[in-house]
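**Q** Single-letter residue listing:
Number of protein chains: 2
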Amino acid sequence: MRIAIDAMGGDHAPASTVEGALAAAKEWNDIEVILVGDEGVLAPLLSERPANLTIHHAGEKIEATDEPVKAVRRKKDASMVVAGRLVREGQADAMISAGNTGALMTTGLLVVGRMAGIERPALAPMIPTIDGKGMLALDLGANMDAKPEHLAQYALMGSIYRQKVHGIEKPRVGLLNVGTEAMKGNELTKQAYPLIEQQPIDFVGNVEARDVLAGVCDVLVCDGFSGNIMLKSLEGTAGSLFSMLKKEFTSSLKNKLAAAVLMPSLRNLKKIMDYKEHGGAPLLGLSGLVVKGHGSSDGEAMKNAVRQARIALKSNLIQSIGDEVSKHTEVSDL
Amino acid sequence: MRIAIDAMGGDHAPASTVEGALAAAKEWNDIEVILVGDEGVLAPLLSERPANLTIHHAGEKIEATDEPVKAVRRKKDASMVVAGRLVREGQADAMISAGNTGALMTTGLLVVGRMAGIERPALAPMIPTIDGKGMLALDLGANMDAKPEHLAQYALMGSIYRQKVHGIEKPRVGLLNVGTEAMKGNELTKQAYPLIEQQPIDFVGNVEARDVLAGVCDVLVCDGFSGNIMLKSLEGTAGSLFSMLKKEFTSSLKNKLAAAVLMPSLRNLKKIMDYKEHGGAPLLGLSGLVVKGHGSSDGEAMKNAVRQARIALKSNLIQSIGDEVSKHTEVSDL
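Residue numbers (the numbering used here), protein chains in the order written: chain A, 1 to 334; chain B, 1001 to 1334.
It is worth saying that the hints were derived from the structure and are not from the lab.
Note that the coordinates shown come from a computational prediction; the quantities given were computed from them, not determined experimentally.
Beta carbons are placed, not taken as given, at the ideal position from N, Cα and C, and that holds for glycine.
A hint or two may mislead.
[To be verified] Covered, in the sense of this in silico footprint (three residues per stretch, anywhere, with C-beta under 8 Å from a C-beta of chain B), are these stretches of chain A:
(1) 151–160
(2) 174–185
(3) 210–223
(4) 232–242
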């Protein structure tokens, strides 16, 4: 299993990517880690050179501020693009990048390529739930608009991912909607509902945004726009409440003393709400495995992304999605 | 100013509606309150009979569980429908109901009627912000799908409402979106943006869901589906966090004692987040004034809804919206 890491992508790269790659190569000897980036920069950072870690030189890099499509088209020697090419050409089985999200989605589409039968790849991060187990939500931002048949494919891909990578035997799949009754929603969700019902998955029906945090399903299907609105509302509300709590709790000496006692509990809560802790997000529906790490990933987070990619590869994720999609491609012809 | 109250609508009706009507009639002698409902039920509940309070008999009522369109069509003598008819026929200037939301929207459309030039009336409740000032959001549920020109009309109507009813000289109007840059969003918001820019309002551009609670605008424009996702996420997150806090804060005697000190602060926070306290929601874009009270409205809430309707009538809200819409109807022809 060869896993290419975009060594130059992410706020803390290349220190973070080198650290993560090294730790991963040392922990798992059934993988080969390929650090893709400027050899002159990377080599001096490697304190050790395990046999299963190599550097693949790439002279350019995509910046966080680059316009995604232009950057991917023009910077052919950028570390992210080269990592994508390694996957497309079969020289790597997976790629991981914590770089420019738009550019990574473009690399997925234009360099790695779509899986046959999939119209729209979807970005599928874990979002927080109060039981700490998290929920896989897709699409969260790869495409702003979706058609009903896209949502049906998201449902199928998300279910297979949770099965294969997280070991959930029968993932509960829900559709983000404004009410739980089958006929609720806008034109998109009303038309998607019967298509999702036809998928070989455990479809639990519509899920209201207010029940997401309670963890009522394992996979949440949504279009990129609504998903973003939901996640940002969730983050924004949690953030606002925590800052309001902080203000109230430091407003008097009495409050400060009481709050100090409760601080461990508050920190615990805050940690649950920090969805960034839930690791990298796969870009599902491509012909190879692509994992998006958070921009702020440190070495530990990069290592976790490798762990995730390794499990996905061991469980034949991409092959399984391909098999199911080809069995159910009638869905995309509706 | 004659204000009709659907006396049979709401969880606590008719006790709540009678109480609210009585208090309102006593407080404002420039209005005439018309209680619409079963005279045999209402008359005994009226402890007093101020000269500016009358009962208008209506023998039927719409239940919370009734299918909206069917109910409005069939129950021609339902209190809600009769109140709508009073507005349409000029026997009342406004109507208020805390009954079945779908039925009230249907009554607005089919009985009161749309304003000339308006394609889609919008439900415009206040949603909470941490500064306690609240934000008018529309559409929140009258229509699940919207076209770009509908969003432009929502922007105009919301701005006029905030000016006229809340006295905000230059309301800041924002468009709910996934990023703040002008070109962000789905097809709907991308096309709506330039149309909203053409309105005679203070358009502050796109607003992200995470910034809503911070009160970055006075009017938030959204389609009914996204708006619902946002509001339910906000409610759900706040609700979940408060229950998690409660659990953590009662998990030990030490925590309980500390939490007791902080209880007033917590209650204060919870109150801000309880958007139900922000009063009734106008249904904008109709040829008469229709205000939706919360289903759980008590007498005080009903009186507040009358206060709102009175200000709207005094400020010529409907006339002002009509004037502006007729000036800018080219928008709906795009």
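**Q** Hint by hint, note whether the structure agrees.
**A** Status of the hints after comparison with the structure:
no.: 1; hint: 151–160; in the structure: violated (count 0)
no.: 2; hint: 174–185; in the structure: holds (count 3)
no.: 3; hint: 210–223; in the structure: holds (count 6)
no.: 4; hint: 232–242; in the structure: holds (count 10)
The structure fails hint 1 only (numbered hints given earlier).
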